[in-house]
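Visitor: Once you have looked at the hints, place chain B on chain A.
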Amino acid sequence: MSEPTYFVLAALLDGPLHGYGIIKRAGEQSGGRVRLAVGTLYGALDRLAGDGLVAVDREETVQGRPRRYYRLTEDGRLALAREAARMEQAARVVTARMAPGTAGA
Amino acid sequence: MSGTFTEGWYRLFLRAFPRAHREEYGAEILGTLMHDAPRRVPSLRETAGLVTAGFAARARAAAEGPAPWWADGTQLGLLTLALANLAYGVGDHASPWWLAASAMLVIALLRGWASAALPLALAVAFSTSRAMVFGAEATHWAPFFGPAYHDWISLAPYGLLAVGAVVLAAARPGRLRTRPWWWLAIPAAAFVLVYMPGVREYGTVWQLVRAGTEGVLLLAGVWATAVARSPRWALAAAVYVLPDMAYALLTGLPTSAQDAGYRLTLAGLLLVMTATAIRPAGRALNSSPG
Numbered sequence: 000m001s002e003p004t005y006f007v008l009a010a011l012l013d014g015p016l017h018g019y020g021i022i023k024r025a026g027e028q029s030g031g032r033v034r035l036a037v038g039t040l041y042g043a044l045d046r047l048a049g050d051g052l053v054a055v056d057r058e059e060t061v062q063g064r065p066r067r068y069y070r071l072t073e074d075g076r077l078a079l080a081r082e083a084a085r086m087e088q089a090a091r092v093v094t095a096r097m098a099p100g101t102a103g104a
Numbered sequence: 000m001s002g003t004f005t006e007g008w009y010r011l012f013l014r015a016f017p018r019a020h021r022e023e024y025g026a027e028i029l030g031t032l033m034h035d036a037p038r039r040v041p042s043l044r045e046t047a048g049l050v051t052a053g054f055a056a057r058a059r060a061a062a063e064g065p066a067p068w069w070a071d072g073t074q075l076g077l078l079t080l081a082l083a084n085l086a087y088g089v090g091d092h093a094s095p096w097w098l099a100a101s102a103m104l105v106i107a108l109l110r111g112w113a114s115a116a117l118p119l120a121l122a123v124a125f126s127t128s129r130a131m132v133f134g135a136e137a138t139h140w141a142p143f144f145g146p147a148y149h150d151w152i153s154l155a156p157y158g159l160l161a162v163g164a165v166v167l168a169a170a171r172p173g174r175l176r177t178r179p180w181w182w183l184a185i186p187a188a189a190f191v192l193v194y195m196p197g198v199r200e201y202g203t204v205w206q207l208v209r210a211g212t213e214g215v216l217l218l219a220g221v222w223a224t225a226v227a228r229s230p231r232w233a234l235a236a237a238v239y240v241l242p243d244m245a246y247a248l249l250t251g252l253p254t255s256a257q258d259a260g261y262r263l264t265l266a267g268l269l270l271v272m273t274a275t276a277i278r279p280a281g282r283a284l285n286s287s288p289g
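One line per chain: the protein sequences are A and B, in this order. Take the first sequence: its position 52, counted from the start at 1, is 51 in numbering that gives the first Met the number 0, and no numbers get skipped. Take the second sequence: its position 49, counted from the start at 1, is 48 in numbering that gives the first Met the number 0, and no numbers get skipped.
Since the hints were derived computationally from the structure, they do not count as laboratory data. No experiment lies behind these values; they were computed from the predicted model shown. Among the clues, some could well be false.
Stated by the list, open to error - Incomplete in silico selection of chain B near chain A, CB under 7 Å:
no.: 1; residue: E22
no.: 2; residue: A26
no.: 3; residue: E27
no.: 4; residue: I28
no.: 5; residue: G30
no.: 6; residue: L32
no.: 7; residue: H34
no.: 8; residue: P41
no.: 9; residue: R44
no.: 10; residue: G48
no.: 11; residue: L49
no.: 12; residue: A52
no.: 13; residue: F54
no.: 14; residue: A56
Unchecked claim - Listing some non-contacts, in silico: residues in chain A with all C-beta distances to chain B over 10 Å:
no.: 15; residue: T39
no.: 16; residue: D56
no.: 17; residue: M97
Said to hold, decoys possible - Computed footprint of chain B on chain A, listed as stretches where at least three residues anywhere in the stretch have a Cβ under 8 Å from a Cβ of chain B:
no.: 18; segment: 11-24
no.: 19; segment: 40-52
no.: 20; segment: 65-74
Don't be surprised by glycine CBs; every beta carbon is placed ideally from N, CA and C.
Same shape as in the complex, but just chain B:
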């Protein structure tokens, strides 16, 4: 391996940093990494340093954004609910109309368009609750309606989605964040899992991918909270996890030890994130000096 490869390797992992940081320090970081006679093999320690420092800088940049923490946390929490709604729409083989409306809601929340998200969130909440509001026959309304739920507790995430969208649109908290497109990997994965031969929707693979994605995102939230000391990620996690926990608590005991373990893990990660947001800053290099 040559110095060019090593430099290319570090350049790749430099992308963990936000763009502004890369523009300010990128060339200098590469220069410092390559300071000694060019290494034949990239250092794993330096690679890990780039990744952790890069994501820490991203977490801090997120916490210093223009929107207040509650608005940013609400936006992120609603985005996760909208992503789950879209993924389950794909799993349910819902009508193209429903998938389009669900996808538009995801995009509106992803790009921070609060006024576009509001009518879409209200429409999704209206559609999912129509059987409870108008009676069971409403389940079979026109095909552009998506799945209808027949108990209030299943509607908790959709109610939260609508209330959150109203809060974001009414409070006008300032410019919401534009989140990256890679969040769309979640509905893309749902498509793959539904249409891949040999994989059954809502089967073991689906459940494992879902639990894995939730676990990774919640762990990333704990880490971001520890770095940037902002409650925004705990709020977002609460918006996503609490409706599901309410469902589990009100509908009885978990169906299996696996199910109980899964729900306890989500609740535990939410608790850790909340405790981390409240706890005073530690004395690591990542904390502010002074």
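Excised from the complex, chain A in its bound form:
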């Protein structure tokens, strides 16, 4: 799973969000590393919906424009948990070998 995909899915952990909310949340939670262009986000949402990892939660109309809220599906939650565990294990390979205080030295 790519880092942007990871943060798009992670943005939905606390509940459904619309596109703009996902971009904001992914940016905040990644410390500004993931800056999604709107077109890129909707390309990714289309594929994630096709893979059954996200689904449309509800749709509303704001100032005449459609606004859909996306939520994580159970499969999406599982995929995200698996990826988090994989990265945790990968991080341990390094952190376990570094004595406290030597990081960054």
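Guide: What follows is chain B alone, placed relative to chain A:
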């Protein structure tokens, strides 16, 4: 500049996405782009995002079409050969009969009509090879025949065109893709270059436009392959590039450093495309999750 201009700008670049994607997400994408107080100036970053994501979605939609990859790649490769044949027919000031047959072959391949493409491809292969099959005097047969070639290696693209058309018609691989009409910009450009004052057919401008078009299309193929991980574009590129490479290899050394550079670039792009199709998917946002 106003918000209306900005929205119109984004709406224009939204057209990079396939129609189905625009219908599903278009209004929402515009809404998200205009979410903050309407911007006075469109963002270049968002514009680039629309273009790249749009073309990526197109590449993926192409790879998920009903025809198998080999049939789609063959159809596209044959289309490029037929387009080159038509463009060179224009450059050669061939008879209207020949241009009409060449144009009909392009349209049959463009629209995915395999059974219409077959007789046309066979006729084109027959006509171009008649001097080799029936002797040099066949070159001067009736005016509806086009150019005749006098060595087998020059006939490689036409042989491939005929064999490919037979494969598509005989294998009946399912519904072939209907490709957009903008491919006809290639023969249109050939007409412009042949009849524009001050430009000579097969002169420097012609060669530059040809090499530029080939380069842009092959680069687009590399990119589409990287996005959709399908070998269809590499197959199409091989159908177009390999006959020309065979010609260059069998007829001796390149005529100039420029010629060598041109051929090496085409071969390099074909190799990159093939390697990209084989290589396992990367970890970009464009790749599938999981």
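Visitor: So, for every hint listed, does it hold in this structure?
Guide: Status of each hint after checking the structure:
{"no.": "1", "hint": "E22", "result": "violated, 12 Å"}
{"no.": "2", "hint": "A26", "result": "holds, 5 Å"}
{"no.": "3", "hint": "E27", "result": "holds, 5 Å"}
{"no.": "4", "hint": "I28", "result": "holds, 5 Å"}
{"no.": "5", "hint": "G30", "result": "holds, 4 Å"}
{"no.": "6", "hint": "L32", "result": "holds, 5 Å"}
{"no.": "7", "hint": "H34", "result": "holds, 4 Å"}
{"no.": "8", "hint": "P41", "result": "violated, 12 Å"}
{"no.": "9", "hint": "R44", "result": "holds, 6 Å"}
{"no.": "10", "hint": "G48", "result": "holds, 2 Å"}
{"no.": "11", "hint": "L49", "result": "holds, 4 Å"}
{"no.": "12", "hint": "A52", "result": "holds, 4 Å"}
{"no.": "13", "hint": "F54", "result": "violated, 10 Å"}
{"no.": "14", "hint": "A56", "result": "holds, 5 Å"}
{"no.": "15", "hint": "T39", "result": "violated, 5 Å"}
{"no.": "16", "hint": "D56", "result": "holds, 14 Å"}
{"no.": "17", "hint": "M97", "result": "holds, 25 Å"}
{"no.": "18", "hint": "11-24", "result": "holds (count 4)"}
{"no.": "19", "hint": "40-52", "result": "holds (count 10)"}
{"no.": "20", "hint": "65-74", "result": "holds (count 3)"}
Checked against the numbered hints listed earlier, the structure breaks hints 1, 8, 13, 15; every other hint is satisfied.
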